[in-house]
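In the order they appear, the protein sequences are chains A and B. One gets the working numbering by counting positions in the first sequence from 1 and adding 4 to each. One gets the working numbering by counting positions in the second sequence from 1 and adding 4 to each.
None of these hints come from the bench; they were simulated from the model. Just to be clear, a hint being listed does not mean it is correct.
Only pairs whose alpha carbons sit at most 16 Å apart, straight line, appear in this in silico EDC-like list of lysine to aspartate or glutamate [claimed, not checked]: (1) A/Lys-63 with B/Glu-198; (2) A/Lys-56 with B/Glu-127; (3) A/Lys-130 with B/Glu-87; (4) B/Lys-123 with B/Asp-93; (5) B/Lys-130 with A/Asp-74; (6) B/Lys-123 with B/Glu-184; (7) B/Lys-99 with B/Glu-198; (8) B/Lys-63 with A/Asp-93; (9) B/Lys-134 with A/Asp-55; (10) A/Lys-108 with A/Asp-55; (11) A/Lys-134 with A/Glu-149; (12) A/Lys-63 with B/Asp-93; (13) A/Lys-134 with B/Glu-198; (14) A/Lys-72 with B/Asp-74; (15) A/Lys-123 with A/Glu-164; (16) B/Lys-63 with A/Glu-87; (17) A/Lys-113 with A/Asp-74; (18) A/Lys-150 with A/Asp-174; (19) B/Lys-56 with A/Glu-127; (20) B/Lys-72 with A/Asp-174.
2 protein chains.
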Amino acid sequence: MINYPGGTPYKGKETKIRKSNKTKAELSISSANRGMSFEADINASNEYYRDKGICLITKRPTPINIVKVDYSKGAMITHAYFETQSTTDYNGVYKGKYIDFEAKNTKNKTSFPLSNITKHQIEHLKLVLKHGGIAFFIIQFESLEKIYLLDASYVIEFYEHGERKSIPLDCFKNNGVEIEKAYNPRLKYIEAIEKKIFLVLTKFS
Amino acid sequence: MINYPGGTPYKGKETKIRKSNKTKAELSISSANRGMSFEADINASNEYYRDKGICLITKRPTPINIVKVDYSKGAMITHAYFETQSTTDYNGVYKGKYIDFEAKNTKNKTSFPLSNITKHQIEHLKLVLKHGGIAFFIIQFESLEKIYLLDASYVIEFYEHGERKSIPLDCFKNNGVEIEKAYNPRLKYIEAIEKKIFLVLTKFS
């Protein structure tokens, strides 16, 4: 396990060393855990920001398509399916402004594949920008141990007009902001917004 | 069935006339349907506002606590429970501003009982206001066939310092705005915000 200066435990390398001993199912579970840990870091950061009175960002619950509910067992759901999120995972308010973002993890070292972004999410984020909201992606490059914040406008551009269905790492380096990891908040993404997104807003508004 | 000038079908009175012929379970279902129809009107209004480029408001999915998933059946959820919503039902962006609201239906004719508002929701809305967002309630008085929009600050005040655990109808009449019903949008609540909430914002900011 690597100990970051801020103290955030990160299991990336440990998982990698063990790789050869794992079955495909086990690898899939550890990858899911990695995603869960990234999500947990964002949720913990939101909690910190809320408690410190910095902003209010909440996670949208996963949409579920409920088929059957057993009321004899205290409204127990007995048959349901996960639905595809047509919006994003997080939204909220910061300094009166509307904030909306999606967080994704990738194992890729050179680019972020757009295959797990849906057309609905792109449409949603275009509308957020149109209505004057702040929209962005937080992308974790787990192999590089780096997390970037990138304004949604770049992602929309690559999604709609890019030749490849991925965003090169260089785009994140040049146009995004690297999110600093710390003890609390674990991911300083509001600080990253202040560095970059508000500059963009000032420039164009 | 009553036909409103705007064409919105409303089953309130019909349900009432039939009351004596219904079992308790049937009544409970028709009341649930009423709630569903009110929710459907808000969702349809949000769709209209989105399509017309007026604002982007989305409904938060109902939070579900998943106990068991059967992966042999394509990730079918076989055991889960409804969780209490700790935030509100709707949020989004209008003119760059963060919007957050809760919609409730009441059969009461003289006041809105606060019993179905949770402490978590009140805390959430206090934070929305603190961070400069626009927070309000849309309350349907189904027996009166009237729908009001009321700034969350009044609801918070009554919840925390009110002598009775309800908000008198007069408070809605004096401090809220009656939401006009129409064909499209079915509930003109953005127009109601413009009438009242933005005036309040201008006054205090």
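Run the distance test for B/Lys-63 versus A/Glu-87: straight-line Cα separation, threshold 16 Å. With Cα atoms ~14 Å apart, B/Lys-63 and A/Glu-87 stay inside 16 Å; holds.
For the pair we were handed, B/Lys-63 and A/Asp-93, check the Cα-Cα distance against 16 Å. holds (13 Å)
Take the C-alpha atoms of A/Lys-56 and B/Glu-127, compute the straight-line distance between them, and say whether it is at most 16 Å. holds (14 Å)
A/Lys-108 and A/Asp-55 were given as a pair; does the straight-line alpha-carbon distance stay at or below 16 Å? violated (25 Å)
B/Lys-123 and B/Glu-184 were given as a pair; does the straight-line alpha-carbon distance stay at or below 16 Å? violated (30 Å)
Holds or violated: A/Lys-63 to B/Asp-93, with C-alpha atoms at most 16 Å apart: Satisfied, since the Cα-Cα distance of roughly 13 Å is no more than 16 Å.
Is the hinted pair B/Lys-72 and A/Asp-174 satisfied, with a Cα-Cα distance of at most 16 Å? violated (42 Å)
Regarding the pair B/Lys-123 and B/Asp-93, is the alpha-carbon distance no greater than 16 Å? holds (15 Å)
Distance restraint between A/Lys-134 and A/Glu-149, which requires alpha-carbon spacing of 16 Å or less: Roughly 33 Å between the alpha carbons, so the hint for A/Lys-134 and A/Glu-149 is violated.
A/Lys-123 and A/Glu-164: Cα distance at most 16 Å? holds (10 Å)
Hinted pair, alpha-carbon criterion (16 Å max): A/Lys-72, B/Asp-74. Please report holds or violated. holds (15 Å)
Does B/Glu-198 lie within 16 Å of A/Lys-134 when you go C-alpha to C-alpha? Distance ~19 Å between A/Lys-134 and B/Glu-198 Cα, so the pair is violated.
Consistency with the previously given hints fails for numbers 1, 3, 5, 6, 10, 11, 13, 17, 20, ordered from lowest to highest.
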